[in-house]
Each structure stands twice: as C-alpha cells, then as structure tokens.
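Residue numbers (our numbering), protein chains in the order written: chain A, 1 to 109; chain B, 1 to 112.
Worth double-checking, as some hints may not be accurate.
[To be verified] A few chain B residues that face chain A, going by a derived Cβ cut-off under 8 Å, partial list only:
id, residue
1, Phe10
2, Pro39
3, Met41
4, Gly42
5, Leu43
6, Leu45
7, Gly58
8, Phe90
9, Thr97
10, Ser98
11, Pro105
[Unchecked claim] Mimicking DSBU-like on lysine-lysine, the simulated pairs with C-alpha atoms at most 30 Å apart in a straight line are:
id, chain 1, residue 1, chain 2, residue 2
12, B, Lys57, A, Lys68
13, B, Lys14, A, Lys42
14, A, Lys96, B, Lys44
15, B, Lys57, A, Lys1
16, B, Lys44, B, Lys9
17, A, Lys68, B, Lys9
18, A, Lys68, A, Lys96
19, A, Lys42, B, Lys57
20, B, Lys14, B, Lys44
21, A, Lys68, B, Lys44
22, B, Lys44, A, Lys1
23, A, Lys42, B, Lys9
24, B, Lys14, A, Lys108
25, A, Lys68, B, Lys14
26, A, Lys1, A, Lys68
[To be verified] Partner residues are not named here, just some residues of chain B that face chain A (Cβ under 8 Å, in silico):
id, residue
27, Tyr64
28, Glu100
29, Gln101
30, Phe103
31, Gly106
Just so you know, the hints here were simulated from the structure itself, not pulled from any lab data. Just so it is clear, the structure is predicted and the values come from calculations on it, not from any experiment. By construction, the Cβ of each residue, glycine as well, lies at the ideal position given by its N, Cα and C atoms.
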Amino acid sequence: KQEVTQIPAALSVPEGENLVLNCSFTDSAIYNLQWFRQDPGKGLTSLLLIQSSQREQTSGRLNASLDKSSGRSTLYIAASQPGDSATYLCAALAGKSTFGDGTTLTVKP
Amino acid sequence: NAGVTQTPKFRILKIGQSMTLQCAQDMNHNYMYWYRQDPGMGLKLIYYSVGAGITDKGEVPNGYNVSRSTTEDFPLRLELAAPSQTSVYFCASSLQTSYEQYFGPGTRLTVT
C-alpha cells in the first residue's frame with residue numbers, strides 16, 4: 001500500500017527566504033506526482049504535475065523535482081512572500097491517488 | 001468553463017439521515033473522484049470512476065455509494081449518516097488516470 005509522508009508538518013520562515021518542502025512515497029511505481037496548494041477553508045489548487053519520465057518542473061518561483069528511485073519529491077519556493085502562506089500537499093498518482101497530510105507554511109512579513 | 005462544481009457548500013445532517021452530494025465537470029474528463037478530508041489531514045479516496053457506468057472503491061468506501069450515468073456528473077450518496085462522516089468532501093476530475101487532477105470547492109458536512 002502506497003504511503004506518502006510530508007515533513008515537516010509546519011514551517012515558519014521570514015519573507016524573502018528560499019525554502020524546500022519534502023514529500024516521500026513508499027512505492028516507486030507511480031505514474032506522476034502532483035503538488036497542490038490549499039488555503040484555509042478552500043479547495044485544492046494544482047501547482048505542478050511532474051510526470052514519471054521527468055525529473056523537474058518549474059512554474060514561476062516554484063520548482064518541483066522527482067526522484068522515483070529514492071521515493072522523494074521536493075517543492076522549492078524561491079523568495080517566499082506572505083501570500084505563499086498556505087498548506088502544500090503532494091499526491092502520488094498511480095491509478096488510485098495517495099495524498100500526504102501536507103506542510104503548513106507561514107511566511108512572516 | 002466552470003471546471004468542477006459541487007453542491008451544496010455546507011450541510012448539517014442528523015444521525016441516520018441520508019443525502020446526496022452533487023459533483024459536475026464540464027471539461028469532458030473521463031476520470032472522476034470523491035475524497036474526504038478530515039481536519040489537519042490529507043485526502044482519502046472514497047470512490048472513483050473511469051467513465052460513465054464504471055465506478056470502483058477507493059480507500060474508505062464504507063457508508064457511501066456512487067453512480068455515474070453521464071460523463072459530466074458523479075454524485076456521492078450517504079446513507080444512514082454517522083458522526084464519523086463529518087468531514088469536508090472534495091470532488092475531482094482528470095482526463096486520464098494519473099493525469100493532473102482538478103478539484104471542486106468542497107462540501108463541508110457535519111453530522112450531529
């Protein structure tokens with residue numbers, strides 16, 4: 001059974017800092033990995049989808065990497081802003097989807 | 001495009017009552033999913049569908065039923081509501097399996 005872990009559960013950083021969020025999965029037989037953002041009381045917004053054949057995907061200040069052999073994905077956020085404060089979830093997509101519990105990020109002005 | 005829509009946004013049920021959560025998508029996606037999210041947790045898959053007339057169980061299907069008579073709609077039925085079903089329910093869709101998933105705004109359900 002696939003298990004997805006996100007560490008740390010919460011992270012607080014000052015504005016302008018670069019940061020990395022981690023996502024690990026136990027079964028490397030995934031097709032794709034997707035990162036989401038969730039604001040309090042809201043739905044999920046897709047940030048990046050990394051296909052299994054890719055190692056990286058970039059969108060603006062966000063860069064996500066995928067290493068299937070080690071069962072890890074990272075989401076790099078450059079020059080963080082208070083508006084980046086949210087919960088970030090990753091999902092391993094392999095037929096059925098398995099989500100991590102998320103990392104709640106607070107960026108302080 | 002409206003994307004994925006869900007109704008209602010909020011609902012309070014008494015124990016033992018039943019209800020249907022509605023989900024619709026206008027992106028002509030084949031795959032549709034129902035998840036529940038408990039406070040501080042990730043999402044758990046309840047049911048999913050690979051096309052009209054075809055559904056399958058996810059990780060936590062007990063207490064729920066689904067049907068998919070059209071490509072666009074994927075309602076979730078709760079029979080005999082229990083307090084353990086208090087949660088936020090999200091519907092999602094994707095073009096194919098393991099493709100990018102798009103989510104609706106969610107339904108916040110309380111069973112008392």
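Evaluation of the provided hints:
no., hint, in the structure
1, Phe10, "11 Å, violated"
2, Pro39, "11 Å, violated"
3, Met41, "5 Å, holds"
4, Gly42, "4 Å, holds"
5, Leu43, "4 Å, holds"
6, Leu45, "6 Å, holds"
7, Gly58, "6 Å, holds"
8, Phe90, "6 Å, holds"
9, Thr97, "6 Å, holds"
10, Ser98, "3 Å, holds"
11, Pro105, "5 Å, holds"
12, B:Lys57 / A:Lys68, "26 Å, holds"
13, B:Lys14 / A:Lys42, "24 Å, holds"
14, A:Lys96 / B:Lys44, "10 Å, holds"
15, B:Lys57 / A:Lys1, "15 Å, holds"
16, B:Lys44 / B:Lys9, "19 Å, holds"
17, A:Lys68 / B:Lys9, "37 Å, violated"
18, A:Lys68 / A:Lys96, "17 Å, holds"
19, A:Lys42 / B:Lys57, "25 Å, holds"
20, B:Lys14 / B:Lys44, "23 Å, holds"
21, A:Lys68 / B:Lys44, "22 Å, holds"
22, B:Lys44 / A:Lys1, "13 Å, holds"
23, A:Lys42 / B:Lys9, "11 Å, holds"
24, B:Lys14 / A:Lys108, "41 Å, violated"
25, A:Lys68 / B:Lys14, "45 Å, violated"
26, A:Lys1 / A:Lys68, "16 Å, holds"
27, Tyr64, "16 Å, violated"
28, Glu100, "5 Å, holds"
29, Gln101, "6 Å, holds"
30, Phe103, "4 Å, holds"
31, Gly106, "5 Å, holds"
In summary, the structure is inconsistent with hints 1, 2, 17, 24, 25 and 27 from the numbered list given earlier, while agreeing with the others.
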